[in-house]
Amino acid sequence: MKQRGILVRDFSHYYGQTRSLNKINLDVYRNEILGIIGPARSGKSTFLACLNRLNDLIPGSRVEGKILVDDRDIYGPEVDVVALRRKLGMVFATPVPLPLTIYENIVFGVRLLGNNNRRELDLLVEDSLQKAGLWNEVKDRLHSSALKLSGGQQQRLCIARVLALKPQYIMLDEPTSGLDPISTMKIEDSLRSLKKDFTIILVTNNTKQAARVADRTAFFLMGELVEIDETPVVFTRPSDRRTEAYLEGKFG
Amino acid sequence: MGNRWKLQPRTEQKLVQFLMYVLTSVAVLVLVFILAVILKNGLPQLSLEFLTRNPADMGREGGILSTIVATIFLTFIALLVATPLGVGTAIYLTEYTVESRITRIIRFGAECLAGIPSIIFGLFGFILFVNKLKFGWSILSGGLTLAFMVLPTIIRTSEEAIKAVPPAYRLVSFSLGSTRWQTVTRVVLPSAIPGIVTGVILSIGRSIGETAAVIFTAGSALRLPTSLFSSSRTMSVHFYILAKEGVSLPKAYGTAAVLVISILIINIATYYMMERYIKRKS
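Here the protein sequences line up with chains A and B, keeping their order.
Quick note: the first sequence uses the numbering used here, first residue 1, plus one each step.
Quick note: the second sequence uses the numbering used here, first residue 1, plus one each step.
Rather than coming from a laboratory, the hints here were simulated on the basis of the structure.
Certain hints may be false.
As the list claims (entries may be wrong) - To give an idea of the chain B side of the interface with chain A (calculated C-beta under 10 Å), a few residues: (1) Thr94; (2) Val98; (3) Pro166; (4) Thr179; (5) Arg186.
Note that the coordinates shown come from a computational prediction; the quantities given were computed from them, not determined experimentally.
Cβ coordinates follow ideal geometry from the N, Cα and C atoms, glycine included.
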């Protein structure tokens, strides 16, 4: 029996007067990889930013409708936004290591909570890097700058940094868009193995990537959710003509 | 027809290059000339005695120890007050407000402050600190006056430095569950430090060299300052009085040499330190 983790109901988002998401309804199940595909400016990234309320930082941002995460309305009055962002870890399209060492990047979020226990941090760093598939490459230079890593390594570092938060959800916004095929493959491998412990939402502009790793796929177009279903269904028997057209490369 | 005076691209390139070379040389030569005059006349005056003894006979004899001490105290107080105020303002303007009428007014106000001649700051300090608040001619009055004078520089350079921190750093920091204050202290400020320090150094240079704002507020006593409320004479004021009153031109040049050399040392030392800081970070 699949458990629902996130429920989105009639959710709309506006930047000033411009509507960027229109009445989205969808569920995210626990321990699945939900792929979100769609052309540029279809609202995919905005949707992620709404889930962890990073959209709060943008002046003129406004929402309607409801998003429930673990049965709690994340736009409710008593929500701890900082705790919410820890629960829904986010990996951005461009890998952005902070100008710190590899080690300090990983423990950044934990240190914010005031945990400076050396032993615990050491274990956390190793564990997170292992899960992100980066440990063997960097274990001898944990205290050198994270900026010296290659693009693919930096992105896996960003994933490890999110894992160190012990989130329940991991959201990735086109995480492999700037990476070479081998780095992409490594990240897709780690996503598949992370699925057993986390719920993953993967926004991708590469439909083949969704086909490869997502359990279910949602298709966004111009701020609307066109369809959402099991990935094989979306790719072989889409119920909407627009989905079919997009997958065939007729637009986007 | 109009092409008669048109040069070959290559000749033009050479001509422009030559012109730029001349202009740059003139700029550098002026600097070299000033330094040469001051050092040529001033260096022979320098000795351990000059640096470690107080002026005697109105500055005709002895050294400049008390003025060195006064300059250091004054600059220290100015920066102690201006740095937190300036950096705080810059943080507020960049991180805690969105661009609006109010931020523009604050920024405009700070720019205007920067354009005010230093002698006006001197007058203001005289009225407010010396008279109204009854601090008298003192290290405190002078230091506070200098603080207001260098405040715009610190605000400006700090703001530029903070704005230059990539927005993505902030986004990442927030996404990892930090509060705004944590983002500022753990991500933004460490990246902006080199720029902020540059502003502070510029301000130290200006404070050390400032005469007009100080002469009205810190006084011109030649004794070694003993408290915040001592009237005291800075190096630049000492130089001004020695030269203007014709007390002793050689001692004036000696003072000028010490001034120039200390500013040089501060600049070089800081840039060296910043270089190392940046290297260690990246």
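Evaluation of the provided hints:
| no. | hint | result |
| --- | --- | --- |
| 1 | Thr94 | 14 Å, violated |
| 2 | Val98 | 5 Å, holds |
| 3 | Pro166 | 8 Å, holds |
| 4 | Thr179 | 6 Å, holds |
| 5 | Arg186 | 8 Å, holds |
Of the numbered hints listed earlier, the single one contradicted by the structure is hint 1.
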